[in-house]
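Just so you know, the protein sequences line up as chains C and F, in that order.
Counting with our numbering, you get residues 327 to 690 for the letters of the first sequence.
Counting with our numbering, you get residues 51 to 132 for the letters of the second sequence.
Incorrect hints may appear among the rest.
Claimed, not checked - Calculated cross-link-like contacts (lysine to aspartate or glutamate; reagent style EDC-like; alpha-carbon spacing at most 20 Å):
#	chain 1	residue 1	chain 2	residue 2
1	C	649	C	635
2	C	626	C	594
3	C	452	F	63
4	C	481	C	456
5	C	452	F	65
6	C	481	C	635
7	C	688	C	655
8	C	686	C	655
9	C	481	F	87
10	C	652	C	512
11	C	481	C	505
12	C	481	C	594
13	C	481	C	449
14	C	566	F	121
15	C	432	C	405
16	C	481	F	63
17	C	481	F	65
Because the hints were derived from the structure by calculation, they are not lab data.
Spelled out, the chains give:
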Amino acid sequence: MSFDILDRFGDPQLCRNVLDTLARELDGELRFMEVCGTHTVSIFQSGLRSLLPEGIVHLSGPGCPVCVTHESEVNAFLDLAGKDGVILTTFGDLMRVPGDNGRNLKKAQADGARVRVVYSPFDTLKLARENPDDLVVFIGVGFETTAPTIAGTMKMARQEGIRNLRILCFHKTVPTALDALLSDQDIALDGFILPGHVSAVIGVEPYRFIPQTFGKSAVVAGFEPLDILEALLRMVEWRKRGEARVDNTYTRIVSEHGNSRAMDVMYEVFEPCDALWRGLGLIPGSGLEIRDGWVEFDAKREFDIVIEEGPALPGCKCGEILKGVKRPDQCPLFGKACTPANPVGPCMVSTEGSCAAYYKYKVD
Amino acid sequence: MCLAVPAEVLSIENDIAVCRVDRGQTTIRASLMLLPEPPQIGEFLIIHAGFALNILDREQAEESLRTISQDANCPLSTGTEG
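Could you build the full structure based on these sequences and the hints that come with them?
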């Protein structure tokens with residue numbers, strides 16, 4: 327085995343041929359949405375967006391975990407930062423997400439709050455061991471790719487008898503969000519490019535409702551240019567034949583039923599709950615919360631944290647951008663009041679956000 | 051945040067794999083507790099936040115490339131650039 331096999335998914339000549347086939351086969355307009363932040367970045371970074379035939383309309387959906395973290399959730403973890411005896415840990419993406427009054431974790435850290443960026447939830451175990459008199463609270467955001475890693479960490483903590491680790495659980499699940507998007511009459515879509523690594527965990531089966539209930543197509547795809555092009559080609563061909571289907575072009579990683587072990591660990595620790603999504607509002611059954619049997623890890627219960635819908639950031643169009651109703655450059659703040667250096671909304675903060683990608687790659 | 055990277059398994063000890071990322075000398079450690087079955091040395095894992103999520107299936111990768119080249123009506127390239 328070598329890395330060469332992976333390189334071949336970026337073969338320029340094969341990409342050109344698939345692009346030519348796409349242009350030839352396309353009949354009318356195809357509006358597709360990718361629902362993974364890594365796809366967002368890959369589509370811009372590889373130059374695919376500018377190479378796609380004109381009739382293919384690309385929209386970025388709610389696939390960036392930071393972008394869909396609700397304002398109330400952001401305020402909740404900002405309130406927790408700086409509390410006596412608390413060490414807050416997070417993946418780096420959350421450090422500059424603004425809450426109300428311009429607060430963010432980076433500023434809280436500068437003001438003396440103990441906030442630590444970690445690469446892996448493993449690191450929180452080390453912090454907990456080294457600081458037995460403090461509570462180490464990890465902010466759990468992300469989808470089915472990330473949730474099993476947090477669940478695994480909780481299992482390790484219990485096994486080791488670590489008693490000062492807490493999880494502030496804001497995990498969300500992808501299929502329920504897609505159902506909510508498709509149920510919204512304002513959103514005109516032909517199909518989805520489905521997230522590769524969420525699907526590595528959950529498989530393809532949970533997406534079968536997309537053609538069955540809504541008559542739309544969807545393809546699980548990897549992150550290389552040919553992965554994305556092949557997914558588009560399939561959707562174009564199905565549409566030409568008047569079909570709506572779900573398929574998987576990322577078979578080297580994703581199977582029909584996903585990773586049963588990761589799913590078991592995730593649902594041993596978490597159970598479905600209603601969740602607030604930035605821009606999408608309350609979606610029943612779209613979140614994960616800690617089961618009663620694991621209550622000793624639950625920061626929400628320990629600190630009486632309640633997540634409620636509040637006012638959105640004034641002027642920020644992240645919500646409409648996440649639904650594909652508006653492009654980033656149609657937000658009045660884009661590139662003016664809101665830039666990567668001074669982000670107003672989460673879509674500009676995260677490297678996987680569509681506003682940040684638009685800004686970085688200077689899309690016209 | 052959901053970015054998961056492919057990495058080659060160099061060694062395994064106590065359910066932890068030491069893996070090489072890309073072609074360089076950088077290695078990362080990954081827990082194997084979320085994998086349904088243990089990997090072999092030399093296999094590729096998809097790793098996210100310190101946990102291996104799946105083993106890369108080389109045969110399926112080859113099959114995907116063949117399918118793409120057929121769909122594009124183009125002979126399969128063996129080039130490695132890109």
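Hints versus structure:
1. C:649 / C:635: holds (18 Å)
2. C:626 / C:594: holds (18 Å)
3. C:452 / F:63: holds (19 Å)
4. C:481 / C:456: With a Cα-Cα distance of about 19 Å, the restraint between residue 481 of chain C and residue 456 of chain C holds, given a limit of 20 Å.
5. C:452 / F:65: holds (18 Å)
6. C:481 / C:635: violated (32 Å)
7. C:688 / C:655: holds (10 Å)
8. C:686 / C:655: Status holds; Cα separation ~12 Å.
9. C:481 / F:87: holds (18 Å)
10. C:652 / C:512: Judged against 20 Å, a Cα distance of about 11 Å means the pair holds.
11. C:481 / C:505: violated (31 Å)
12. C:481 / C:594: At roughly 9 Å apart (the allowed maximum being 20 Å), residue 594 of chain C and residue 481 of chain C satisfy the hint.
13. C:481 / C:449: holds (14 Å)
14. C:566 / F:121: Cα-Cα ~15 Å, so holds.
15. C:432 / C:405: Roughly 13 Å between the alpha carbons, so the hint for residue 432 of chain C and residue 405 of chain C holds.
16. C:481 / F:63: holds (19 Å)
17. C:481 / F:65: holds (14 Å)
When held up to the earlier numbered hints, the structure conflicts with 6, 11 and fits the remainder.
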